[in-house]
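J.: Chain A is fixed; fit chains B and C onto it per the hints.
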Amino acid sequence: MDLTAPLLRAAAARPHILLVATPGGTAARLAAERQLRLDGLPLAPTPADAGILLVAGPDCPALRPALDRLWQHMPAPRARAQARTPEAVADAVARCRIELAARPAPGPASAPPSDGTEPPGGLPMAETAPDRDGLSLDQLHLSLGPFLADWPSGVTVRLTLQGDVIQQAEMGEQPATRGTAPFWAEPWARAAAGERVGAGEAARRRAAAHLDSLGRLLALAGWAHAATTARRLRDDLLDGAATGALRPAVRRFARRVARSRTLHWLTRGTGVLGADEARAAGVSGPAARAGGDVAARYRTWLAAVVRDVERLADPAPLDAAYDEGPRGRGDAGQPPSEALLRVLPGLLEGAELAAARLIVASLDPDPDELAAAAREVASRG
Amino acid sequence: MNGFTAALALLGVALLAVGVLYGAARTLRGTPEPLAAGPFGSGLEPAEHAVSRFHVRWYTITMLFLAFDMEMVFMYPWTRVISAVGPSAVTEMFVFLAVLVAGVAYAWREGALRWT
Amino acid sequence: MVEAAGWWPVLVAPALLLAGAVLAVAGDAMLAARYAGRPARAAVAAVPLLEVARLLAQQPRTLPKADRLLWRLGVVTVPVAAVLSVLVIPFGHRAVADLSVGVVWFNAMEVLTWAGLWLAGWGPNAAFSLIGGYRFVAQGLAYELPLMFALISPATAAQSLGVGDIAEAQQGLWFAVWMPVAFAGYLAGVLAFAFLGPFGYPAGRDTAAGVLGETAGVDRLLLQAGRWLWLTSGAAMAVPLFLGGAAGPGVPGWAWSALKTLLVLAVLVWSLRRLPVLRADRYAEFAWVVLVPLTIAQALVPALVVLDR
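Chains as they are written, first to last, in UniProt numbering: chain A, 1 to 381; chain B, 1 to 116; chain C, 1 to 309.
These are calculated hints, taken from the structure and not from any lab test.
Hints may contain errors.
Capping the alpha-carbon separation at 20 angstroms, the derived lysine to aspartate or glutamate pairs in DMTMM-like fashion look like this [unchecked claim]:
hint: 1; chain 1: C; residue 1: K65; chain 2: A; residue 2: D138
hint: 2; chain 1: C; residue 1: K65; chain 2: B; residue 2: E45
hint: 3; chain 1: C; residue 1: K65; chain 2: A; residue 2: E127
hint: 4; chain 1: C; residue 1: K65; chain 2: B; residue 2: E48
Simulated DEER-style distance windows between Cβ atoms [as the list claims (entries may be wrong)]:
hint: 5; chain 1: A; residue 1: A281; chain 2: C; residue 2: R274; range: 32 to 42 angstroms
hint: 6; chain 1: A; residue 1: A303; chain 2: B; residue 2: T91; range: 34 to 44 angstroms
hint: 7; chain 1: C; residue 1: A115; chain 2: A; residue 2: E376; range: 34 to 44 angstroms
hint: 8; chain 1: C; residue 1: V305; chain 2: A; residue 2: A275; range: 50 to 60 angstroms
hint: 9; chain 1: C; residue 1: A297; chain 2: A; residue 2: G269; range: 22 to 32 angstroms
hint: 10; chain 1: C; residue 1: V289; chain 2: A; residue 2: A181; range: 43 to 53 angstroms
hint: 11; chain 1: A; residue 1: G244; chain 2: C; residue 2: A266; range: 33 to 43 angstroms
hint: 12; chain 1: B; residue 1: T91; chain 2: C; residue 2: V289; range: 19 to 29 angstroms
hint: 13; chain 1: A; residue 1: R251; chain 2: C; residue 2: R274; range: 10 to 20 angstroms
hint: 14; chain 1: A; residue 1: R252; chain 2: C; residue 2: A255; range: 36 to 46 angstroms
hint: 15; chain 1: B; residue 1: L28; chain 2: C; residue 2: A255; range: 31 to 41 angstroms
hint: 16; chain 1: B; residue 1: R53; chain 2: A; residue 2: R95; range: 42 to 52 angstroms
Okay, the calculated bits of chain B under chain A, using three or more residues with CB under 8 angstroms as the criterion [what the hints assert, rightly or not]:
hint: 17; stretch: 29-38
hint: 18; stretch: 43-49
hint: 19; stretch: 54-65
Using N, Cα and C, we set each Cβ at its ideal position, and we do this for glycine too.
This is chain A alone, in the form it adopts within the complex:
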């Protein structure tokens, strides 16, 4: 009796999905997150847990080796698809699920990955270096990004760790992608190009962007219920829900998160970025307005969301000098996210790893903006 086929069919009924967004792929990522939430398909944090590798966003040649590595590390049965646009997501997921259920899983090669970059056991052992306590201790090098759950994809931070405390943080190079304009800053880009954009439309986009950032921060903080709520509200906003329909839920959410003593206790004192320090580094937007720790930054987002939800129907034209984009003002071709990256290494050094993840999430640089900036640099130079 063949039991393998029914087993594979049962396994394909609820595959875990490794969702990887490429820089410039925010719109596709949002569509994918929304669909996976409604289909009840869990997101896998690592390749070991995943059955489907779903790439959301445009091609990015610099990141292709990293993507292939994730794929090589995925156990059978597995399927892979790319959704370059939001419209392609549903089809890509459906195709992968059919593939998972049907194939009798020939399985990936059990030989080591063919590109030969990984000689088994050829790695060095960890070496020692002086620690801040004056001891000589083993160092581990670990890189956060380019692809990590709830991380601005494409951004790479190379960490030197002793224990789980960061001794040193270095930013990697930002990959450029061919692609569309940054999704979250799109109304401001259109207004800058001379188009008439309503302030209500911009407020809607900004509130959704903040809720997206909050979803990531809350997911990293391990508060599953609040993270899901943030993402639902974000999706409702992007669907065009009206102020009246959103107000109660948004207020309830903002009140619960802003007043949570536990979350405040867990985040206070981490990643302190004073307002003056922020402005000196060129940071504008919520991170500069908050002028404080992770807790101050998420509370600034929450207040902004509550304010913006009241303005969804505002017909006045967008005044970019007064109404900032979700991450602040972009000056002279420099997107605000670049300034956020500049302050990161200083904030990360000395932080515990979990706190470091929260710090990055509380600044939340936008990979789309960074990719577009890298593209401009590449085309100029």
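T.: Positioned in the frame of chain A, the structure of chains B and C alone reads:
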């Protein structure tokens, strides 16, 4: 059945179930060979082996913990004899605990309970 | 009176534990569906079954220079220790073996998960796993002492370490009523040794699932099962320790045991998604400075009551 036999029998049942799971997976999945994968490094290769002398910054807490753990060795049998021994049992145990808690307070003041 | 019966409880007890764990996973999936805005269809209840199928069908993985023996040993230890812990938990008026040192046995099995999870983190030779393994030890140093004092309070009140005796000693008033701090400390401890929800630090999303990050196939199934088996076992143990055991009017004792266990389990599952993860670097300080003195003070109460008796 005495306690020892029962514990062994329960261990046997649990291990048998684990064995059956491994066996079932081996026969049922289409791919018997394991995948030679690499450690997850956010898409990048690791720079060195991860097994290393991990700097546990909470090592001072382990010292405190050991003190309390030894105290537990006395406290478990103590629960059975309180009324037999009388008030001195309670006094001695809680004076001992108070001494240990004073140690915790000292360690706290010295910042031993925070490591970031 | 708790009595030890023939050989059949050796099979029935693990089966009941497994059934409880399956219900807990299904309940958690139901809550997740509700929060995510999906209709809570009956199919959601099949989630635990689908997960088992998925993990049985999944190819296992090996990593370069992984310590496969220790890794496997760690992975197997977690669920096996959970099953062993039910040895002393009475269901109705029967336990597999009502040891005279039942509370110590439960405590010892729970501490085995420290070794198991640390090994499961060390074995794969992967940085995130390693950090996850050490995180559990740090978390253990924080939750263990309040849990031990919480366990010892009912034992002190009953002047016995046997679980059956403790259940019987509550004929007048449940220990949960007059030892609320111990009860709360115990429930927090259950979440912590099941490393779920607010105590999911060792398998946190910030470290790409930590100790779980590199496991696939049956290894992953066992670790995940271990978490939920421990949650169920902890909920079941709360009943004789704090909620009067199988005592209750009307229906037979086993029904009361099942009902109380499921209620505690429901509360625990509900709490999983309602709180952020309590990172050990913050929680350790809170546990030592607030919870340890509080639970010690709580243990003093039954000691004085016993003297007065």
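J.: Each hint needs a verdict: does it hold in this structure or not?
T.: Here is what the structure says about each hint:
1. C/K65 - A/D138: Since the Cα atoms of C/K65 and A/D138 sit roughly 18 angstroms apart, the hinted pair holds (cutoff 20 angstroms).
2. C/K65 - B/E45: Holds, because 14 angstroms separates the two Cα atoms, which is no more than 20 angstroms.
3. C/K65 - A/E127: Cα-Cα ~17 angstroms, so holds.
4. C/K65 - B/E48: Answer holds: C/K65 to B/E48 is near 11 angstroms, not above 20 angstroms.
5. A/A281 - C/R274: 32 to 42 angstroms: Holds: the Cβ-Cβ distance is about 37 angstroms, inside 32 to 42 angstroms.
6. A/A303 - B/T91: 34 to 44 angstroms: violated, 55 angstroms
7. C/A115 - A/E376: 34 to 44 angstroms: violated, 54 angstroms
8. C/V305 - A/A275: 50 to 60 angstroms: 57 angstroms Cβ-Cβ, so the 50 to 60 angstroms window holds.
9. C/A297 - A/G269: 22 to 32 angstroms: holds, 29 angstroms
10. C/V289 - A/A181: 43 to 53 angstroms: Given about 52 angstroms between the Cβ atoms, the range holds.
11. A/G244 - C/A266: 33 to 43 angstroms: holds, 35 angstroms
12. B/T91 - C/V289: 19 to 29 angstroms: holds, 25 angstroms
13. A/R251 - C/R274: 10 to 20 angstroms: holds, 19 angstroms
14. A/R252 - C/A255: 36 to 46 angstroms: At roughly 39 angstroms between Cβ atoms, C/A255 and A/R252 fall inside 36 to 46 angstroms, so the hint holds.
15. B/L28 - C/A255: 31 to 41 angstroms: holds, 37 angstroms
16. B/R53 - A/R95: 42 to 52 angstroms: holds, 47 angstroms
17. 29-38: holds (count 9)
18. 43-49: holds (count 7)
19. 54-65: holds (count 4)
Hints 6 and 7, counting from the list given before, are not met by this structure.
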